[in-house]
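Listed below, chain by chain, are the residues.
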Amino acid sequence: MKELVKGILKENPVFVLVLGLCPALAVTTQVVNAIGMGMGTLFVLLCSNIMISLLKKFIPYEVHIPAYIVIIASFVTIVDLTLQAYMPDLSRSLGVFVQLIVVNCIILGRAEAFASKHGIVDSIKDALGMGLGFTMALIFIALVREILGSGTITLFPIENLGFLGNIKLFQPSDAAAAQGVVGFSGVIKIPLLSDAPITVFSLPAGALLVVGYLKALFNKSNQS
Amino acid sequence: MHSLVDKTLRLTLICGVAAFLLGLVNYKTEPVIRERKAIELKEALSALVSGAEAGAPVDVEDEVVNLYYPVSVADETLYILSLTGKGYGGDMTLLAVYDSQGELINAKLMDNDETIGIGKKAEDSTYMDKFLNRGVERPLPTTKAMIGSEFDDVTGATITFSGVSQALYQGSEWIKEGSF
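Protein chains in written order, with my numbering: chain X, 1 to 224; chain W, 1 to 180.
Isolated chain W, as found in the complex (with noise of 0.2 Å):
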């Protein structure tokens, strides 16, 4: 009994000074790591709809749409969409800018954890043209068949371009829906 209150209490004893020190760390990180995600996902969201500044964010309660930014460009109310996609890596996040109509403007690929060299090539500034003004005449491709074969950025990522196609696609009809 003595024995196994004081290896409990030498492992406890660790788990503590560990938890301290991590505690620490993040105390020093954290701001920074806050800081650093607040800027880059300002510039990507003016480098989205250059020349126009986004609007303050409204949340949406969806399985895929977390939120939106509306951003008034000329005569037209443009929509950037914050969406979760199902990733190799789990979940990713996408930016994704559509008119009012649902056709897609422009995207970005923001956090993930996509295989290096694989499905990371989906953060490649070329990756999203395959879907690019699509959504209203032409509809976004939701499989490999649908892109032909020019782009072989797929090639061996067929679950990172079923999460990104999926996603800027149920954003898309989500658009088409009038829900904002």
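Looking at chain X on its own, in the form it has when it is part of the complex (with noise of 0.2 Å):
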């Protein structure tokens, strides 16, 4: 249990390790491009920690990096074109950056300071940790970057979703509308800010101040 909490917490990759900041900073402007990022590199560092694990007394110590990168980046490439054929918008959104999960350092990292020299069980548990922590942090900060910056929450769009009750829950997509369906658009308006938001958080200088406040506040809460 140790091993998968530490991520999420003591050792927070993007809070704690300040690893994997570059994707932090430049997928947070919707919430939706955050739990895609999130999963894609929970993906890529689960199968790349069982893969090294598994293999570790295979792989030669003076060619570890190339065959640890092969691997990494084999994971990537599947995660790309899967995203590519199957959800392309979020492909499109994610732009570059699904690629360079490559060059993550919390997958090498991991690869390097823990998959290498654990059994495949404690690998697992470290790459859902470090994973979930991963996404948990892109999330927090996607969260207050698309509410403060453009006054939305950007989710994934469900067609055919109903009313509770009388009360419609959500705007209904394009698609639902066109076909007299109520479903989400996957856009949530958070009032007031949606006409009037604090452009300074959707640019890279106000991801830089969210992530820097966001770590300030998690540090002191994991002092205490």
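Check each hint, because a few of them may be wrong.
Some chain W residues well away from chain X (every beta-carbon gap over 10 Å; in silico) [claimed, not checked]: (1) I14; (2) A47; (3) G51; (4) V60; (5) L67; (6) A74; (7) G89; (8) N106; (9) N112; (10) L132; (11) T142; (12) K144; (13) K176.
Chain X is faced by these chain W residues, among others (derived, beta-carbon under 8 Å) [as the list claims (entries may be wrong)]: (14) L41; (15) M110; (16) D113; (17) T158; (18) I159.
It should be emphasised that the hints constitute simulated quantities derived from the structure, not laboratory data. Cβ coordinates follow ideal geometry from the N, Cα and C atoms, glycine included.
Two independent chains are provided; combine them into the complex using the hints.
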């Protein structure tokens, strides 16, 4: 359990280890991007940790970095092709940052520091903890940035979502509205903020500010 | 020597297994991706010139203009040009509709690797408004100064704006030269 929880709190990759900051700053303009990037990284981290843990005795020390990169790049390419084929909107939103998971310090860092020295069960726990910690950090950053910077929360659209009694829960998506079906467009508008957003939070400077303040909050809560 | 061969073989084996696995994934996903791109292109072409169907594409040997689709609308022939612009994340593909004088009627940014939240704003449907109905009497804007301060979606995305505006400008010039 310790291996699983440490990545979420005590050794959170973004807020404590300060790893993977490039995607954390770049893709967190919308919550849906943060979820997609987090899940992609979690998948690659899990698969690469499993493979590297299984192959740790087979891979010679002198060529371990190229071997790890080949394994990680293969899983990243699988994620990239799968997103392009089956989730094109998300693939378009994440752009080049999916391919950049290959050089995400968290993946290579966990392979080198953990999976290559531990058994498969511990490596799976470590990957899940670190992956969930990374996803959680991205979602926190994206929530703050999107709410303040755009006045919205963008999630995955859902077709065929009904009413709660007579209360319309969400704005119907275009496709659902065209068919006369009530669905969720994927965008929740925040009253007042959506009309007058604080644009700096959508820009790179806003990303740095949010990461800085969230890191301070996280460190404070970890100390207490 | 024996050790070097052993290491090389092990690394080669890992690469071979990875290549085989990627080949399988590519075999499954490539037709889906190709079909999706064809549908996206068809939808984009019909959205750009509503009520008319684009003709067969004609290849062009030009640095910016890749190919064009002639479109007959009433008595007029319009041209949908596939253009390449230089963006922050590399090459961008645009589809732009011009009349026979070179005036821009509609445009859409297609494939690109621009930065999320910054250059990606060029994908928004309203981004191209600043360029529309320009190219003949009013020149197509190629600098931020030419569009005034009413469009704030170019803020912080100068390279994307330059890539888009230069490609649209070159497309208009290509039409004016009567190169089709």
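Would the least Cβ to Cβ distance between A74(W) and chain X come out above 10 Å? Non-interface label on A74(W) holds, nearest chain X Cβ at 28 Å vs cutoff 10 Å.
May I ask you to check that N106(W) keeps its beta-carbon over 10 Å from the closest beta-carbon of chain X? Its Cβ never comes within 10 Å of chain X, the nearest being 19 Å, so this holds.
Minimum Cβ distance from G51(W) to chain X greater than 10 Å, as the annotation requires: 18 Å, holds
Does the claim that V60(W) lies outside the interface with chain X hold up, using a Cβ gap greater than 10 Å? Label holds. Min Cβ-Cβ 26 Å, cutoff 10 Å.
Minimum beta-carbon distance criterion (8 Å), T158(W) to chain X: It is violated, given that the least Cβ distance between T158(W) and chain X is near 14 Å, above 8 Å.
Answer holds if the nearest beta-carbon of chain X is closer than 8 Å to that of M110(W); otherwise answer violated. Since the shortest Cβ distance to chain X is 10 Å, the answer is violated.
Compute the least Cβ-Cβ separation between K144(W) and chain X, then decide whether it is above 10 Å. Holds, since 17 Å exceeds 10 Å.
Confirm or reject: T142(W) is not an interface residue toward chain X, with every Cβ-Cβ distance exceeding 10 Å. 24 Å, holds
Hey, does A47(W) actually stay past 10 Å from chain X on C-beta? Check passes; 13 Å lies beyond 10 Å.
Status of the stated non-contact between G89(W) and chain X (beta carbon gap over 10 Å): Since the minimum Cβ distance to chain X is about 6 Å, G89(W) lies within 10 Å and the statement is violated.
Hint I159(W) vs chain X: min CB-CB distance below 8 Å? Not OK, violated: I159(W) not within 8 Å of chain X, min 14 Å.
Assertion that L67(W) lies outside the chain X interface [Cβ separation over 10 Å]: L67(W) clear of chain X: closest Cβ-Cβ about 22 Å, beyond 10 Å.
The structure fails to meet hints 1, 7, 9, 14, 15, 17 and 18 from the earlier list, while all remaining hints are met.
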